[in-house]
Amino acid sequence: MSRHALSVLVENNPGVLARVSVLFARRSFNIDHLVVGPTEDPKVSRMTIVLNVGDEQLHKVTSQLDKLIEVIHIEELSDPAAIRDQLWAINDNGPRPVGAMAAAWA
Amino acid sequence: MTAQPTNAAPARTAAVPSTTTGADALVDALLAVGAEHIFGLPGGAVLPLYDALYARPELRHFLVRHEQGAGHAAQGYAAASGKVGVCLATSGPGATNLVTPLADANMDSVPMVAITGNVPSTAIGSDAFQEADIRSITMPVTKHSFLVTDPALIAPTVASAFRLAASGRPGPVLVDVSKDALVARTARTPLADLELPGYRPVLEPAAPAVRDAVSLMTSSRRPVLYVGGGAIRSGAHRELFELAETTGLPVVTTLMARGAFPDSHPQHLGMPGMHGTVAAVAALQKSDLIIALGARFDDRVTGARDSFAPHATVIHADIDPAEIGKVRDVEVALLGDLRPTIAALVAEFRRQVEVGASPDYAEWVTFCQGTKARYPLSYDAAPDGQVAPQQVIQRIGQIAGPEAVYASGVGQHQMWAAHYLGFENPRTWINSGGLGTMGYAVPAAMGAKVGRPDATVWAIDGDGCFQMTNQELATCSVEGIPIKVAIINNGTLGMVRQWQTLFYNERYSNTGLRGTPSRPEVRAPIHVPDFVMLARSYGCEALRCTDPADIDKTIEAAMAIDDVPVVVDFQVHQDAMVWPMVASGTSNDDIKYARDLAPHFDEDD
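So the sequence lines, in the order shown, correspond to chains W and B.
Numbering-wise, the first sequence is residues 1 to 106 according to this note's numbering.
Numbering-wise, the second sequence is residues 1 to 605 according to this note's numbering.
Just chain B, same shape as in the assembly:
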């Protein structure tokens, strides 16, 4: 493959000089590949780039308060809009602050380009001030990382970074540019990608594999569609809907796939995994065929691997060949983009039925529907006068509706949000699934709102998570990004506390955010910070809800504010737990519907 121009050369006029600075070339390249928004924070090594941005208002820059916020904002932007998110940071600590978002984006296959400045190439390797080898640091947590010291290579590297980020299995790409390359002049040339001879993503599945897969599907009795985040990233939701309706098969959607298939659809059994619904977990465990669509058999889905779905053969559709067979042996591999893959499965299924295949799933569907009816999601009422966190989240989902976009942090509130918000549309659920990054919600919601300005964007956050990244509320206020934040405030690191309750004899070691009463040297209980005062200090509207009777009117009041960010402090009861649950390291067969309550599967039902 040779370098091909990816867009036409700008018309040469007398006004356009034949050379440009590396910084201007970088901005030109960003605009040429379609970037419109960028989240970042300047510093010494990227000063030339910021100087170039000063003159280019068409590339809107959002000044964050911490580079981690820029990274998660770029992720939220990408996840909500489907476009490549862009973040920008300076060398050294600026760059290392991006490592968490990059690792997060790598786990969750988020298309994102991170641009960092580095010290001048003559100083690289000298332990210069604010020098960090970010290209090497990010090797294991990015799809690829570049270091550019030649100004002529800046534009093609940026173009290639965008191509890499968005194509194949999407992911984060880092472009580190030395300061001298940003300052130096280089020829203005038509934008061309780098030559990447080793990069050849397979996009269309092989026809024989599709035939084999469908033959397995039509001859099996208990197949289940196990849908992962790939269905969202590839935009395969319509094809998935058609496959589900054509086959009548039960569907489970993983944490990363919530919204890929409507929650309201009768075939949808919900989310599988450690905190999955009983119906979804049972469908996988008892299936004879798992049709994995853009899913990767994560340990949070499989539980103990040796007892996961013991009777199932596997069809695995994925764009990443390294995922196929990584965890679970497969009978048929469908390598390619999920959208054409599912479309091909639908067409082949119809063809095989036309020529006489007669799949019979009736008994299986009855079993799955029976489990779903018998073990619906449910939660205990909160003790007297207290607010149940699940109810808050459920009501936000009902009042804001399925057209809204929801971002979440990590922990109990994330699991409740995944279960109770109610998803009907793809790209409306934005969370940190693989890496499990606390503090993801506020900056991700900020990015999502920039990517989807017309949508209502709620961050469902915990009080622990919120305290990690709430500084971005300042960004939201200053830059005019009116997100809504629901703090599910239980005064504790709730998911860790839940494990301490269940597995560590209620020894609440360092999970109480209001202090630990058993330790006399600690002042407890003490409610700090006051989230309402904190939010107001950031220029946000702020509300507080402590009474279950006020939940609806508080949410409605928050919905009525759309010109400034709004933060709601929902003070909820501390002992609420996430159920169902499969204890870590145990078999999915040992799922508990509630504490000490195992579901009973009577397969004759």
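Just chain W, same shape as in the assembly:
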């Protein structure tokens, strides 16, 4: 088990967050942190998902996520600094818990 961060681009549709969380619940994957924010494209949102899983599980998570029609792209963020930067970027003018999450990667 180790901590992984996924950057997931999704269509900015109503219900897409429910769809992702239903998938995690159904396949028994636990989410440690989840942040959803806009991107420069109003039709696309970015979900940053942090989870504590083994490599094999991670592969299963991403392949199941990728099956969702509204998931456009998945990338594993390998560099903790990049993750922190991204979380801080989301945190700009955002709620404090995101800052706490970013700080956790410091």
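Mixed in with the good hints there might be a few duds.
[To be verified] Cut-off 20 Å, straight-line C-alpha distance, at most; resulting in silico cross-link-like pairs (SDA-like, lysine to any residue):
no. : chain 1 : residue 1 : chain 2 : residue 2
1   : W       : K60       : B       : L335
2   : B       : K83       : B       : P140
3   : W       : K60       : B       : P201
4   : B       : K326      : W       : N52
5   : B       : K326      : W       : R27
6   : W       : K67       : B       : L31
7   : B       : K326      : W       : R26
Hints were generated in silico from the structure; no laboratory data involved.
Guided by the hints, dock chain B onto chain W, whose structure is given.
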């Protein structure tokens, strides 16, 4: 990707108004994507849609008696014809009654589109009368689910739903439309799909993977072709036949793949799994290479996973990347549609043999053939004067023949049907494999008959299953769908009873459909309902068979009736069990050929 028109705009004439209602746009879209038949039941939220259907007889609607029947009929239609099945229901309970068929279609990769009405968008979220959030409810049991509240998006959503249902790994797609969107007027525009930037099914396998796979095949000594339902859905039966004949390898076909490869073919070892043939189970267990073709290593196939095929490496061909490695680690993944994938394997196998590969499977083939010869499917005769259920099913298969289409419910009769009907053709075996939905047979047979009107369609059903969905016989009578139903009537929930016999010390808790004699407050035995009277009340012809000597003439009498539905009540003996069997949670190595009878594998044979 941008939205591309998928068909030409209708010619504009003065007679065609430039706007249309959402309901008419929906019907137009269904016709434009090729839908011809639809199974449904109206209600308040879909009244505008039914009003539009009233004027469009070219889209034939079948009025079911329960929405679950509409869903399974759409599944049977799709499974028998290869086309997308369509069902329609109203909001709230109408929609929730579709959940079981949707979950079933999702498990078995059946291309199907379910259309539901919802309350007006202004009322959504207010707990309005007959409101249910069906889009969310169906999220985990569909390939995708849409909620449409904008009339302009109805047609593109329907077009996209059809594309999603039929392409990639097929599956069910729900389109929920609010009532106000059905009523509102919208511009008549050329049909275009929605933009779905996240949907990119991979169709052709990568050439290096094909080479690696075939190198493994030619260098292995004990490979087996493990064929799943993907072979049926992708229409890969001809390619599969060629691969089997080219390689000479043994073939096993899962419950979902029965008919993908002829049962009469000498290389065919039958069905693997919990109730598989000894030969098929042994071939997987003892193989050194499993070539999985559109199969997903279901727990009913693998038994206890840690002891499944312990010496085998795996080549896994599937169109769904999430299936590869889900259960079993793979050596080579072949991602793509099975039809071109198998064709590529055949070509590459020939090429490698031409340039010098010399696969040697002789010893292995001899072993598999030996197991097949030594442990054929067999069943015990019924006690004196009683009817053996296996014999009924076997004779139906022989008399109706391999061109007929067979639907089944779930339980003992399903397993016997899978073994004894005898399949030679794809799309002739329609059952609920993954979800195991009792009550599937009658409505699925109804849908299959609509999809294949020229074929004889038999439902092989249990008396427990039959009582869940037999109301669709009314639909069959009224709409002119002459299916045939064989009720394998043993008065009990037979498969559960079999487990109670084997694993619960014959404590038959609530499996007796004729009552439980040990409970004085229950009247037993009591034969209700009378299936013959019930069937006749639905306008069906009805026959009864209680004597083994009458089996053939009863089946022949049923075959002679082709203008109305016919129901046959075969009263069979209650203690018949399904064998072989691997007990739940145990290793496939512990398969029992019959009760307390383990097969013996002498590999020197």
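Now the hints, each set against the structure:
1. The suggested pairing of W/K60 with B/L335 holds, with an alpha-carbon distance near 16 Å, which does not exceed 20 Å.
2. For the given pair, B/K83 sits about 23 Å from B/P140 by alpha-carbon distance, which is inconsistent with the 20 Å threshold.
3. Note on W/K60 and B/P201: the hinted pairing holds, with a Cα-Cα distance of about 17 Å set against a maximum of 20 Å.
4. For the suggested pair B/K326 and W/N52, the alpha carbons sit about 18 Å apart, so the restraint of at most 20 Å is met.
5. Between the alpha carbons of B/K326 and W/R27 the distance comes to roughly 11 Å, so the proposed pair stays at or under 20 Å and holds.
6. The hinted pair formed by W/K67 and B/L31 fails the criterion: a straight-line CA distance of about 28 Å is larger than 20 Å.
7. Only pairs whose Cα atoms come within 20 Å are accepted, and B/K326 paired with W/R26 is accepted, the gap being roughly 14 Å.
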